[in-house]
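Sequences listed follow chains G and Z, in order.
Each residue of the first sequence is one higher than the one before, starting from 1 at the first, in this note's numbering.
Each residue of the second sequence is one higher than the one before, starting from 1 at the first, in this note's numbering.
Simulated from the structure, these hints should not be mistaken for laboratory data.
Some hints here could point you the wrong way.
Just some of the chain Z residues that point at chain G, by a computed CB distance under 7 Å [stated by the list, open to error]:
1. P84
2. P176
3. V177
4. A183
5. L184
C-beta atoms are modelled at their ideal positions from N, C-alpha and C, and glycine is treated no differently.
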Amino acid sequence: MLTDEKQPVLRIRNLNIWYDDKQLLRDLSFEVQQKQVTAFIGPANSGKSTLVRCINRLNDFTPNFRSTGEILFKGIHLHEATDPTSLRKQIGMVFRKPTLFRCSIYENVAYGARISGVNQSEHLDTIVETNLQKTGLWAEVENILEETPEQLATGQQQRLCIARALAVEPEVLIFDEPCGELDPIETVKIETLVRDLAGDYTLIFATNKRRQAARVSDVAGFLYSGELVEFGATERLFTNPQDDRTEQYVTGRLG
Amino acid sequence: MNSMSTRAERRQEFVLHSTSFIIFGIAIIPILNALKKTEATHIQVVSPNALSILLNDLYIVLSVGLLAILLGIVCAFYLEEWLPKTNWGRRWIESHVAILTGIPSVLYGILAISIFLSYAGTLKVIDDVPSAQNTEVIPFQRHTTLFLGEVLIFILMVMPVTIKTTQEALRSVVTPVREAAYALGASQWQVLMRHVVPIAFIRILAGGCRAMARAFATAALLIGTYIWHYTTETDGMSNRFLLFLGAALVLSVCSSTLVEIYNSIYNSNSA
Ligand SMILES: Nc1ncnc2c1ncn2[C@@H]1O[C@H](COP(=O)(O)OP(=O)(O)OP(=O)(O)O)[C@@H](O)[C@H]1O
Ligand SMILES: [Mg+2]
Chain G
1 MLTDEKQPVL
11 RIRNLNIWYD
21 DKQLLRDLSF
31 EVQQKQVTAF
41 IGPANSGKST
51 LVRCINRLND
61 FTPNFRSTGE
71 ILFKGIHLHE
81 ATDPTSLRKQ
91 IGMVFRKPTL
101 FRCSIYENVA
111 YGARISGVNQ
121 SEHLDTIVET
131 NLQKTGLWAE
141 VENILEETPE
151 QLATGQQQRL
161 CIARALAVEP
171 EVLIFDEPCG
181 ELDPIETVKI
191 ETLVRDLAGD
201 YTLIFATNKR
211 RQAARVSDVA
221 GFLYSGELVE
231 FGATERLFTN
241 PQDDRTEQYV
251 TGRLG
Chain Z
1 MNSMSTRAER
11 RQEFVLHSTS
21 FIIFGIAIIP
31 ILNALKKTEA
41 THIQVVSPNA
51 LSILLNDLYI
61 VLSVGLLAIL
71 LGIVCAFYLE
81 EWLPKTNWGR
91 RWIESHVAIL
101 TGIPSVLYGI
111 LAISIFLSYA
121 GTLKVIDDVP
131 SAQNTEVIPF
141 QRHTTLFLGE
151 VLIFILMVMP
161 VTIKTTQEAL
171 RSVVTPVREA
181 AYALGASQWQ
191 VLMRHVVPIA
201 FIRILAGGCR
211 AMARAFATAA
221 LLIGTYIWHY
231 TTETDGMSNR
241 FLLFLGAALV
251 LSVCSSTLVE
261 IYNSIYNSNS
271 A
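Full structure from sequences and hints, please.
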């Protein structure tokens, strides 16, 4: 089935989220368009991580998590479309803290292919090289592919995580504060990379740095006290916010 | 494709469920058997020598210990990886595990000895195998109730400790590693085989050593008691005492060596 260019990749309708009996997010509705960067901003604990983890069903593992409402991925309800395992192959995720596996740099990137049953070494070689090149890491690690990733700098590790996620060939890639642990120089590299990737992937980007969201995203949403206060084109949201709270937040007077 | 992978996962889940049930089922059969046998009132046993007691009991400790460790590991995997923390069955088992691991091994030893002594009166020790009427003549090793009592005690000692240490080992595989794998589309089974087992393996092994050490400590007491009891007719007082001490010492050394192995693995792993 070919997807209509105009159809949103993700359509979220009336999403409510609880942890135990405490409601964290109320009545969220928004759409994520293809090949755009959609950012979510908001102060700490505003539920950014919780929200983006709904999209790849990572909250399934949280026993006290509960939600109502609809998340449609390419028009089909998330829980009806596929099983979570193949859903997560289509919707990848990069976390705040780079977590690499205890195997070589090569095997980390080849992981997604391996668990899908790819074993031919030429095929794996290609996958590893292409994806390391996409993240600008190839030149840096070309000669140490068989060594463990521990020796890499945090920024390199994070780009390795991105390469590993890209190697699964997802359509959507979620970034949950990918620069939270990085220094400014490394942060710039990741931000540039995110912009580059936007041409080929649909990206979702959670951050609590408002300027970063302004730099990387096409569309942004502002989460505050359990609500999606405002959602729209980044340009407009930052220069001409419709809600007072958004204005206070983007100008640094709130949160 | 999609339904296939879910079905495969369900099958693996089913295999795990059923193996643990089968193992429990098998454990039940000899217990039922034993209940039937307790009716025999007058049993004669052939007097064993110290070496055969030692070997026989070591055999029981090792085989039962290994079985209980395997059982404990399967049980811990099931509790920790499949059941949610809120599941009542899991909570029930975990609370019992906490109680059973808290009991010092010497108390189990005393329990085992008292079972033995309560039966020792009904046992007539003979040197040879005569053809007596109305009596059942068995070699020492074949006394079902004593044997099962011992087996049960070893299982009660070893299994909870294994469950606890294995669960701790599994918890040492941190959430970020699991989530990173899940986020790349790994199934629960793949996360288990590729990350959880390799990372936790050495700690699970260490836990097994510690559980075995407990069984050895009790076996030391038990074997000492057997030797003391059975050597009455054949050996002199000082010989009996030496044998008692010797057996207890050998097993205690085994026991503390295992504990040392456990400690060194744990310290080197957490550092
Ligand atoms: N399993 C849970 N049970 C109960 N409360 C939870 C659970 N997970 C998260 N929370 C709470 O939900 C709130 C939102 O958490 P979340 O991580 O989604 O926020 P965030 O916007 O990503 O914050 P940060 O900027 O710190 O990353 C927090 O107050 C957190 O304590
Ligand atoms: Mg967060």
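Would the hint on V177 of chain Z stand, with a C-beta cut-off of 7 Å toward chain G?
Interface hint status for V177 of chain Z: holds (6 Å vs cutoff 7 Å).
Checking hints one by one. Is P84 of chain Z an interface residue toward chain G, by the C-beta closer than 7 Å rule?
Holds, because the Cβ-Cβ distance from P84 of chain Z to chain G comes to roughly 5 Å (cut-off 7 Å).
Per-residue hint verdict: L184 of chain Z, partner chain G, C-beta under 7 Å:
OK, holds: L184 of chain Z within 7 Å of chain G, min 5 Å.
Please check whether P176 of chain Z passes as an interface residue: C-beta within 7 Å of a C-beta belonging to chain G.
Hint on P176 of chain Z: holds, closest Cβ of chain G at ~4 Å, below 7 Å.
Would the hint on A183 of chain Z be counted as holding, given a Cβ-Cβ threshold of 7 Å to chain G?
Check passed: Cβ of A183 of chain Z comes within 4 Å of chain G, closer than 7 Å.
Of the numbered hints listed earlier, not one is contradicted by the structure.
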